[in-house]
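Trainee: Here's the letter readout for the chains.
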Amino acid sequence: MAFPPINPAFPHLWHGGDYNPEQWLDTPGIIDEDMRLMGLAGINSASVGIFSWAALEPEEGVYEFRWLDDIMDRMASAGRHVVLATPSGGKPNWLALKYPEVRRVGENGLRDPQQTRHNHCLTSPVYREKVLAINTRLAERYKDHPALALWHLSNEYGGWCYCDLCFAAFRKWLKEQYETPDKMTSAFWARFWSHTFTSFEQVTCVDRSVHGLSLAWKRFMTDQLISFIQNESAPLRQFTPDVPITTNLMGTFPMYNYIKVAEHLDFVSNDMYPDWHGERSLWREAVAVAFLDDLYRSMKGGKPWILMESTPSSVNWRPISVLKRPGMHRLASLQAVAHGSDTVMYFQYRKSRGSSEKYHGAVVDHVGHEHTRVFREVSQVGADLAKLGDLCGASTDAEVALIYDWENEWAISEAQGPRNEAKNYEETVREHYLPLWKMNVPVDVIDSVQDFSKYKLLIAPMLMMLRPGVGERIEKFVASGGTFVATYLTGMVDENDLCFLGGFPGPLRKVLGIWAEETDVLRDEHSQTVTPVDGNPLNLPASTKARHLCDIVHLEGAEALASYSEQFYAGSPAFTRNVFGKGAAYYVASRNDEAFNAALIRSLVANLGIRRTVAAETPEGVHVQERATADTHYLFVMNFTETQQTVAVGADGYTDRLTGAAVSGGAVTLAPYGVAVLAKGL
Amino acid sequence: MAFPPINPAFPHLWHGGDYNPEQWLDTPGIIDEDMRLMGLAGINSASVGIFSWAALEPEEGVYEFRWLDDIMDRMASAGRHVVLATPSGGKPNWLALKYPEVRRVGENGLRDPQQTRHNHCLTSPVYREKVLAINTRLAERYKDHPALALWHLSNEYGGWCYCDLCFAAFRKWLKEQYETPDKMTSAFWARFWSHTFTSFEQVTCVDRSVHGLSLAWKRFMTDQLISFIQNESAPLRQFTPDVPITTNLMGTFPMYNYIKVAEHLDFVSNDMYPDWHGERSLWREAVAVAFLDDLYRSMKGGKPWILMESTPSSVNWRPISVLKRPGMHRLASLQAVAHGSDTVMYFQYRKSRGSSEKYHGAVVDHVGHEHTRVFREVSQVGADLAKLGDLCGASTDAEVALIYDWENEWAISEAQGPRNEAKNYEETVREHYLPLWKMNVPVDVIDSVQDFSKYKLLIAPMLMMLRPGVGERIEKFVASGGTFVATYLTGMVDENDLCFLGGFPGPLRKVLGIWAEETDVLRDEHSQTVTPVDGNPLNLPASTKARHLCDIVHLEGAEALASYSEQFYAGSPAFTRNVFGKGAAYYVASRNDEAFNAALIRSLVANLGIRRTVAAETPEGVHVQERATADTHYLFVMNFTETQQTVAVGADGYTDRLTGAAVSGGAVTLAPYGVAVLAKGL
Amino acid sequence: MAFPPINPAFPHLWHGGDYNPEQWLDTPGIIDEDMRLMGLAGINSASVGIFSWAALEPEEGVYEFRWLDDIMDRMASAGRHVVLATPSGGKPNWLALKYPEVRRVGENGLRDPQQTRHNHCLTSPVYREKVLAINTRLAERYKDHPALALWHLSNEYGGWCYCDLCFAAFRKWLKEQYETPDKMTSAFWARFWSHTFTSFEQVTCVDRSVHGLSLAWKRFMTDQLISFIQNESAPLRQFTPDVPITTNLMGTFPMYNYIKVAEHLDFVSNDMYPDWHGERSLWREAVAVAFLDDLYRSMKGGKPWILMESTPSSVNWRPISVLKRPGMHRLASLQAVAHGSDTVMYFQYRKSRGSSEKYHGAVVDHVGHEHTRVFREVSQVGADLAKLGDLCGASTDAEVALIYDWENEWAISEAQGPRNEAKNYEETVREHYLPLWKMNVPVDVIDSVQDFSKYKLLIAPMLMMLRPGVGERIEKFVASGGTFVATYLTGMVDENDLCFLGGFPGPLRKVLGIWAEETDVLRDEHSQTVTPVDGNPLNLPASTKARHLCDIVHLEGAEALASYSEQFYAGSPAFTRNVFGKGAAYYVASRNDEAFNAALIRSLVANLGIRRTVAAETPEGVHVQERATADTHYLFVMNFTETQQTVAVGADGYTDRLTGAAVSGGAVTLAPYGVAVLAKGL
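Chains as they are written, first to last, in the working numbering: chain A, 39 to 720; chain B, 39 to 720; chain C, 39 to 720.
It cannot be assumed that every hint is accurate.
No distinction is drawn between identical chains; accordingly, a pair holds when it is met within one copy or between any pair of copies.
Cut-off 20 Å, straight-line C-alpha distance, at most; resulting in silico cross-link-like pairs (SDA-like, lysine to any residue) [said to hold, decoys possible]: (1) 221 with 68; (2) 221 with 148; (3) 461 with 357; (4) 136 with 202; (5) 476 with 80; (6) 210 with 239; (7) 425 with 50; (8) 620 with 696; (9) 136 with 243; (10) 338 with 40; (11) 221 with 63; (12) 136 with 238; (13) 492 with 645; (14) 494 with 144; (15) 492 with 139; (16) 136 with 239; (17) 136 with 219.
Just so you know, these hints were derived from the structure itself, not from any lab.
Keep in mind the model is a prediction, meaning the values are calculated, not measured.
Construct the entire structure; sequences and hints are all you get.
Mentor: This is how it looks when you write it as structure tokens:
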């Protein structure tokens, strides 16, 4: 099945990136050269206007669009398109200094000076008004421009403001949510330490000791961002109803609930800067990337997403930023496409000459010409993408869903106890993703409020917070035949971070058939041993070293499939299964090692008959991902190792789109960092 | 000998803890259930009202006591008592926002928002007035209530405020202490860096470079807390002259001089949260706990102290908070009793549902019933304490005193040099406590201004600061026959942190018979070797590895018992003895290892004929502590190991109060974490 | 050749240090004792008045000089002299509190309280006026005093202020430098992130993301210090035109460009506190010290510098401050003289009794008498210096210059990328100094704007920033026959931190004959191998392990002398030579190990016939330095090891000035930490 392209006027894979010609207007010849080099690199898109406010409105109410007209026209006449940004990511000096309210106030109550970027108050009426004005001008001016393909709102929205305007809005929001101070007090358990609220006016700070308040703040700030986005979007929607809107998000950035934000975007975009050749082995880094890719593909129901930023060579902000090795850029770029991106875009097109990002990788380096290794690598990607144009909109179907839940992350990160070190929520979710990646099983990564009724297998590691209805929906999922996997620290708090009374895992106690009485917390130098019961139906390892956290549970209908072998709770269940309705629910009581997770997932995939993109095992570090349109099936065969690999892809009939060669012998051979995109008619 | 009970109306050991029913008023049935469960757990006490201000005075001047009346009545009718708290530990929102002056100002000059707890200004007249008003209401209302057993002032007083009110009070205090700016300048050596004061008005910050000023600030804040306590106590003393007053202190919390604070309390209370099963071995952790226990017992001349808070299972605030293993809670609880506590009390009775302490251990867990491991462990302690009722008030006599001095800790922690890493004052004192614990010698832990004339042996590690008269009192102590042990870094500064001129250890130079010329500072990877002189009268180890600090000393009447074997000062004295009058004074010039300390203490105990609770050696990790009333002698035999131990306690005649069994064969056998409380008529 | 003495009235080596009698005026007998002890220790100088403002002007406009008159007179009558300080390093309380503007504002916008020292605003007109007034009084009063030898401005100037006065001055400065906001915007690349300036008024903070602005700030603050110094100096120049002016600088303290500051001083002074017996081996620490010594000697064209502060025993501010071992103080003191200091001076003469420096080493300890090890060590130095009086003004000629450039350090430290960890600029320069030290080659350490035309060999490690004309001057230097060595990360930015376009190393591309395309960044656990080409003309090691940074370069006229052996750029040049005009330019593309640097420098020294102080190799840890007057040649032979060493110094004819013994057999034997000062007539 295929989704429509991002913009039907540009129905191919996009190749481009951040482009700031306004930095170069006084350097002769640069724009001409930029256009020439785009052609050489197979670049068909440019993200323009990001941080350009001072160039577009040099004085309050005085607009300057000539330079942008020129770029838009040049792009159009070259048959390329423009991702046009609203400029709100960086405030001009005149704005920041004339209207102090637009600058954020920190948690210490001090207002920021005008510096860096991404530090405007989301609430300030003045800022919203000024953003509305410039966005309106942009939309009016370019609404019919043939180059305009997509709106790019602001840039990497991030951070919070603690000003009086924000607190006034927060109090209003709280009143809408909780109606009376007394109800809010109860919801926040604020009688604790005498924090009882007798008026909403008493909310004047985000007290970290009142977790419900911290949660409310994060929800409020998410809503505040959404209304900011709505304000930004209004003139764009009005003047260009057919031009989609996106903004570049940042992985699992925790300050806003992206799942809610995404509802207000036509497409989601992600900025991806993996630490290739870094601390982790290459293929483990690839797993972390794939996890995020699948998260973004799942955000809008499988619709293609946009890789808005990546680096053609290295970043400049890590303590140690390693150059991408030859071939790595191509592999990394096609990995994004494999997992559902319809673009490969960069920060940045031309490396800036000064200030903080002057050493960040770019397509065109300070030397200025095309005779660089990096330019050649980019050109290769340009050529590849051109060969994959019909892939545009292709979808990926998954039978497995893994829950990564933003608000649960908030609950875990704010929690004091049971273990404050190595809480590892995202890491734990990823540890459950890894064996699926190894087995080449397509996975959706979703939030607990997204629909999961269609999956065969639902895995929800560390789902500490159960928002209203989630427990019931999981129960129904299992009763209807689904298989559900939960872990330690599940079902402990409700949406206000109040503990469930009557026994953990709260609303999931029945479907899981267990009661978790205590959580043993292990020091780093200690471990617990988990041993399968006789018969070992899921082929678990003979002995697993659990670490960090071990729930001590009692069976209430479930059966134990493994038990602990050490400590005062030796013999008690460590892993349970509860057959419930037509399905089954598993509880993994301890933080287990990779072998345990692999065995568990492997057995479930096999037992449930879950589809893998290729039937045979693939070598370590190789992954095969799939996408499909109505008439073509694509396999991306990717080698995240530094040695040559041969991969059995099964039956012939595939053609390698990048080389044009037909696959024979049911296998392809990949060079180090190699990638093949195999296609077959359906 | 026995002291009277904490409150003669409740002449037994108390078992209870923090109880916040006001958090649960809107949860039906909870209070009834609380009362039922107290009965099951053998709980006879509840600490109520801590942080309850907002529940007691929901609006300014509007009081609400019904819920508290109900709890008081229920406790009384069940034959239990209440430790009633004043609510000043947490401010209601209305108070904090209407009267900003009650909120603290940080060292950076910014006033705190209303958040968390324990952050009121100690000086604010408004705060003192409001505290006085609510305390007066509480005292009036409950003065004749049969459940009222003890006043619990506020909660864990802590921290400083840097507001204008505090500084005005500080200037007044300085004037009282120092009379003229010139005298203060001299006392603080403030001509240094031109800090000369020509007016008290010039004191507007706590300049860390002027150590005398930092010291004065800490003394002032101690006095400010005392006057705050006096203000809190006034209505309690007026309406309930027979109800004692305490507040829960926190070990060696450095911000106030607890020795001075304790003078204003009828009983001292301590909150104890050892890291059992943590970084240290169990018995070493037990030594650290015992050291603090003895410090608290010694604070009020041997009077029983109150274990006000401890956790029945785990805390929630350590990076890694481990569950107490089965039996550990009983052992830990009885250890406190062994060292002089007449209570075992918890934070908290019922686990709160939300906010920052919801994962902190409690008697009643979120599950709500009694069928939990922790509840059973608590009930066991309840049963044990019931069997030990006649122990109430029993005392412990010590022939050894160890000095741990709050103001000395201030001097050491503020000092720049001679070694800024691993100053280890408390640790060093504890290193001298450890061999006494191993030998089962009762010890008092006192401040340098407390009376030490009654002891046979006085050990004062690292007593850098000698306040007025201390040197003279030590000299007299030795002249009269006492044995005194000092170490490196002793006698360097007076009470204003001015170095003694004329040679260290200043006022102790004569009694110690040495001059300490320099202090060699060793890097962590280096050590010095200390070798006994021929004959080795104290049976020191053949060679000790000293580390960190080595004083280079000259004999002035003392004899060397050991000398250094390395570096340019090889051959010079490392350990000396000076016979002085009827006694002797020892100088330990270097930071020595455990073997040295053990040998030194062992020889002194033997030579001085100091009494041990049991004559025979006990196995590593076992400790025997004693208490006695007029007619009964108790031995607490405690096994801080995870293996069974047999302990020779000497002659028979003892009965184990917990089991009722008579001791036979002069020995008891303890299970892992086991404890026996042996009693014998006197 | 010999320079004139610091002050012709005191034509000998100075021995003295910080002396604060005003701290002791109320302690009877101290001043008399001080004078007596100076005589015993061979002390002929005292640095008086540092931080004495409150003693000199106890109230605004009320002066008190009697105590200072007394000291000046006593010094004069004992035939000693005084280094007289202006008191601006510490503000009296009355000044700080009456005129808040004199106290600094931090980067967070909050004004400092009156505390510590060195924290006045450099811009404040009030502060400048008050400093001018007191300095005028001092100069008037002592202008004809026979003890007055040198002015010591303030103390260790340091730090920045962010107050409105400073920003107003900064904006004025920017306008002078950049003329229009638009030119400034271009120079700072401030269109980036919409930082475009349309008015100078928009500069209200030091935005770290705009590197050009950060650089400008540091230049401004340097200029602000210079004008502060000019204000301080004006009355001194007026009343005492013949008394030289200095201030004590601090090694490579980065906040001001000392090279510019030095232009406004008659002599430069340095405060030196090496970590002898610390983390590094003794001789490596000695290399670090010698590097700084040579930097200071080179600051004023070879003129003797002033060791203004050092400690006779230990400091008190390191985490671990080790005592100088016996003999170390003498060796360290003479090392400074060997490298061009005409003084050995201390902080401090008499140890202060209280406050933060009371445990810092001093000549006279708290014990107060001369019978201490440290006093004896100081007296030895006093005796030594007395024997070396005719050395005064002796110079050192170097044929090698090494560039350490303050502004380049700014560029490197602010840069984001390519590697943010272990940038190691100073360390890298020192790594190139080390082999020269080992070979006993005299070296000048200069800034890139100082003249280097006179040297045979110019080494400029990591010269990332090329200020105007520097590239041209280097090209001319090589063309004229000089040998030039550059490394990776050279020639990347101009004076505004704008990258050079068209290919790195920018202006040096032609003279080096290479183009550096990329910089590979290595993680700590990785390395690259550098292998010499066949023939290996510079005798490089067979294989070098490079780390951290490897430039990937292309030859453009240069020849490769070594190449990389690993990674995708294996075989590409790692070390190149370009014969250019009459000279040659080398490019060291990678951060190499000590063996590579040693081989490179050794070959260059040999090939260029560069003079060494002694021809033969000296044992590891021994260094021979030279100075010469018109008629005498001095060799300082120093043993920075803890074992005896015999050093071949070549032909006889030398006499050891310290022992009076003639050198025979062409060699001297040095005890551990030993030093010989050999002299021979010319």
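Trainee: With identical chains treated as interchangeable, where does the CA-CA distance between residue 221 and residue 68 reach 20 Å or less: within a copy, between copies, both, or neither?
Mentor: between (62 Å within a copy, 19 Å between copies)
Trainee: Regarding residue 221 and residue 63, is the shortest C-alpha distance of 20 Å or less found within a copy, between copies, in both, or in neither?
Mentor: Between. Shortest inter-copy distance 13 Å satisfies the 20 Å Cα cut-off; intra-copy 58 Å does not.
Trainee: One pair to classify: residue 494 and residue 144, alpha carbons no more than 20 Å apart. Within, between, both, or neither?
Mentor: Answer is neither: 46 Å inside a copy and 56 Å across each miss the 20 Å cutoff.
Trainee: Since the copies are identical, ignore which copy is meant and state whether residue 210 and residue 239 lie within 20 Å (CA to CA) inside a copy, between copies, both or neither.
Mentor: within (9 Å within a copy, 37 Å between copies)
Trainee: Between residue 221 and residue 148, at a C-alpha cutoff of 20 Å, which is it: within one copy, between copies, both, or neither?
Mentor: Neither way: residue 221 and residue 148 sit 32 Å apart in one copy and 32 Å across, limit 20 Å.
Trainee: From the Cα coordinates, with 20 Å as the cut-off, is the pair residue 136 and residue 243 best called within, between, both, or neither?
Mentor: The answer is between: 15 Å across copies meets 20 Å, while 27 Å in one copy does not.
Trainee: Is the C-alpha distance from residue 492 to residue 645 at most 20 Å within one copy, between copies, in both cases, or in neither?
Mentor: Close inside one copy (18 Å), not across copies (79 Å); limit 20 Å.
Trainee: Using 20 Å as the alpha-carbon threshold, which applies to residue 620 and residue 696: within, between, both, or neither?
Mentor: neither (45 Å within a copy, 54 Å between copies)
Trainee: Using 20 Å as the alpha carbon limit, work out where residue 338 and residue 40 are close: within a copy, between copies, both or neither.
Mentor: For residue 338 and residue 40, the Cα distance is within 20 Å only inside one copy (14 Å; across copies 75 Å).
Trainee: Using 20 Å as the alpha-carbon threshold, which applies to residue 425 and residue 50: within, between, both, or neither?
Mentor: within (10 Å within a copy, 84 Å between copies)
Trainee: Please work out whether the CA atoms of residue 476 and residue 80 approach to 20 Å or closer within one copy, between two copies, in both situations, or in neither?
Mentor: neither (33 Å within a copy, 56 Å between copies)
Trainee: Using 20 Å as the alpha-carbon threshold, which applies to residue 136 and residue 238: within, between, both, or neither?
Mentor: Classified as between; 14 Å across copies, 31 Å inside a copy.
The structure shown violates the earlier hints numbered 2, 5, 8, 14, 15.
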